[in-house]
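**Student:** Take a look at the letters that make up each chain.
Number of protein chains: 2
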Amino acid sequence: MRTEISSIGKQAVLQRLFENSGFTNGQPVRLKQKGECCTAQKLMLEGCDFDLVYTPLKHLGYKAVLNVLGELYATLHQPASLSVVLGLSKRFCFEDVADLWEGMLAACREHGVSQLSLDLNPSVNGLAIALAACGVQKKGVIDKVPRTKNMDLICLSGHVGAAYMGLHVLEREKVAFTSSGEQPDLSKYKAVLGSYLSPEIKPGIIDRFVEADVLPSNGYFLTRGLGEAILRLSRDTGLGAKIYLEKIPISSQTFAMAEEIDMDAVTAAMNGGDDYKFIFTVPLGKHDVIRKDFQDFEVIGHMARPDVGAVLVTPEGAELPIHAQGF
Amino acid sequence: MRTEISSIGKQAVLQRLFENSGFTNGQPVRLKQKGECCTAQKLMLEGCDFDLVYTPLKHLGYKAVLNVLGELYATLHQPASLSVVLGLSKRFCFEDVADLWEGMLAACREHGVSQLSLDLNPSVNGLAIALAACGVQKKGVIDKVPRTKNMDLICLSGHVGAAYMGLHVLEREKVAFTSSGEQPDLSKYKAVLGSYLSPEIKPGIIDRFVEADVLPSNGYFLTRGLGEAILRLSRDTGLGAKIYLEKIPISSQTFAMAEEIDMDAVTAAMNGGDDYKFIFTVPLGKHDVIRKDFQDFEVIGHMARPDVGAVLVTPEGAELPIHAQGF
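Residue numbers (the numbering used here), protein chains in the order written: chain V, 1 to 327; chain Y, 1 to 327.
One chain only, chain V, in its complex shape:
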């Protein structure tokens, strides 16, 4: 089934997408919630940020919404509104947009987005997804957030590197499929593929911090690799940061996959990207609370004096400077 967008018109498409969604389409979006307000924005372009050969549109929609909401969570703001603009080339029909939108709606519902807007634009080449989100937090909470200091703990919300491995498998099998035409058996890579194609964020994260009276001083959402986030942390705070190599959580499937492709698993974890995890800095004094109430978090290092820079500490004690990768 393929319904051309031009055959029903943009307005009718938007109407159908919002029908029974529980949301009303409104642009510009007037924020209803009270409190301190924070905005985040992401742009995802086909061919650079995703490949539709192996990414189901529904998964992509879900992931795209997390991609922007993650930035709000990282600064302790609860998602409130989301505005999406899609750039669509003629390749995309109504059913495609409906699939993408279904994933987006699912993520919005899970994360308590209460106001939503969607607009459609023509595009010459492929799919473009622009997302802008607004989050809120009580002034009382924001005012209590401490400044990051030397020796603050750097905590990571889960294992990293798996999404990169998933992407690697998908790219490899795409090449194999293109030359042989045979559908690959991907069952043994389920965990790493899931990390890449359908990452998750636990919606309750901020409430947990507030309830435990642990307000992270700096937070980052990991989409471009742990290394890049540590560099940003160091730059934003004007401090150094030490990450201990053996503390970085890496899943057994990531290690297995790294061995299979003869790649260093730590390199994948540092530079991989698409992890959709968080790093947060918390005062050293909160160490016991983190160990007790945030067992899904791993303390992977600590802030340091500015002259230390951002470094990866090997088990032998060598300090390797962390470098920026990519664009």
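Just to be clear, a hint being listed does not mean it is correct.
Said to hold, decoys possible - Under the rule of at most 25 Å between Cα atoms (straight-line distance), these lysine-lysine pairs were calculated in the BS3-like manner:
{"no.": "1", "chain 1": "V", "residue 1": "Lys34", "chain 2": "Y", "residue 2": "Lys138"}
{"no.": "2", "chain 1": "V", "residue 1": "Lys32", "chain 2": "Y", "residue 2": "Lys32"}
{"no.": "3", "chain 1": "Y", "residue 1": "Lys34", "chain 2": "Y", "residue 2": "Lys139"}
{"no.": "4", "chain 1": "V", "residue 1": "Lys139", "chain 2": "V", "residue 2": "Lys286"}
Claimed, not checked - Just some of the chain Y residues that point at chain V, by a computed CB distance under 8 Å:
{"no.": "5", "residue": "Arg30"}
{"no.": "6", "residue": "Cys38"}
{"no.": "7", "residue": "Ala40"}
{"no.": "8", "residue": "Leu45"}
{"no.": "9", "residue": "Glu71"}
{"no.": "10", "residue": "Pro122"}
{"no.": "11", "residue": "Val124"}
{"no.": "12", "residue": "Ala128"}
{"no.": "13", "residue": "Ala132"}
{"no.": "14", "residue": "Ala318"}
{"no.": "15", "residue": "Pro321"}
{"no.": "16", "residue": "His323"}
The hints are simulated quantities; they were obtained by calculation from the structure and are not laboratory data.
The beta-carbon is built from N, C-alpha and C at its ideal position, and this holds for glycine as well.
Once you have looked at the hints, place chain Y on chain V.
**Tutor:** Structure of chain Y alone, referenced to chain V:
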């Protein structure tokens, strides 16, 4: 002079762009202003929304910022923050981005944007510009905005159709230049070209409304034609709207150009797009204030009963239904 972005790296590019700009790059953006908050978002894609063959990057940057801020002004919100993500293919060098950014900075300064963020993403094809803006307004002002009623006046903030004519000239001369190689003489089209390439918005618009105690009930920023905006107005309010053909302000240059290309000037005005003007609805009782204090506005029609629909009334009294154009 051509400096490849990859040769200096993204971070250094961002640093140079913000140097001496008076702004600090921060994403996500925490809104500092108090009041009711409103967000707007636009996505502009090369090949659909602009053509770099005849659009200077600096003009494009300026116009792109107005494109998103206009949506805030339309709902009476003062621009506060702006977040920009650029998708850049390898065709674009640092100097290109710097030109585009210069135009963006100029628009931000003129319109009182106090917080600004920029991010750069790779793109396979051409330039993509994603803009998300946040505006604020005092709760007391927003609470006083009346509901749009039958017989409310529909006011337009300037003449329309000129930008479409400018685009038409540019497209025509591009074709001529491609076949002949001769640089066209565009001096006689200066006014319509200016309307398309460097539209303006007067920053004081909201203050004027507040000071005159005229708070428009509905406002729309004209980027896709007057006709489309009237349809949205009718849809959003559940009312009809009558626009009087002979009241639509059209510049003499637009009329001249329409004659030259044998096109109906009113059709250009209704469907043209890129006008960067506003329509506002105001209560009928404010008629005298509008005539006296808002002489740059033209009353082009009024709201009507729902069964009237959105119509264009000819000088002979015929009512032509307004139809949606484009995507």
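**Student:** Hints first: check each against the structure and report whether it holds.
**Tutor:** So, going through the hints one by one against the coordinates:
| no. | hint | verdict |
| --- | --- | --- |
| 1 | V:Lys34 x Y:Lys138 | 13 Å, holds |
| 2 | V:Lys32 x Y:Lys32 | 17 Å, holds |
| 3 | Y:Lys34 x Y:Lys139 | 9 Å, holds |
| 4 | V:Lys139 x V:Lys286 | 22 Å, holds |
| 5 | Arg30 | 5 Å, holds |
| 6 | Cys38 | 5 Å, holds |
| 7 | Ala40 | 4 Å, holds |
| 8 | Leu45 | 5 Å, holds |
| 9 | Glu71 | 5 Å, holds |
| 10 | Pro122 | 5 Å, holds |
| 11 | Val124 | 4 Å, holds |
| 12 | Ala128 | 6 Å, holds |
| 13 | Ala132 | 3 Å, holds |
| 14 | Ala318 | 25 Å, violated |
| 15 | Pro321 | 15 Å, violated |
| 16 | His323 | 10 Å, violated |
Hint compliance for this structure: hints 14, 15 and 16 are broken, all remaining hints hold.
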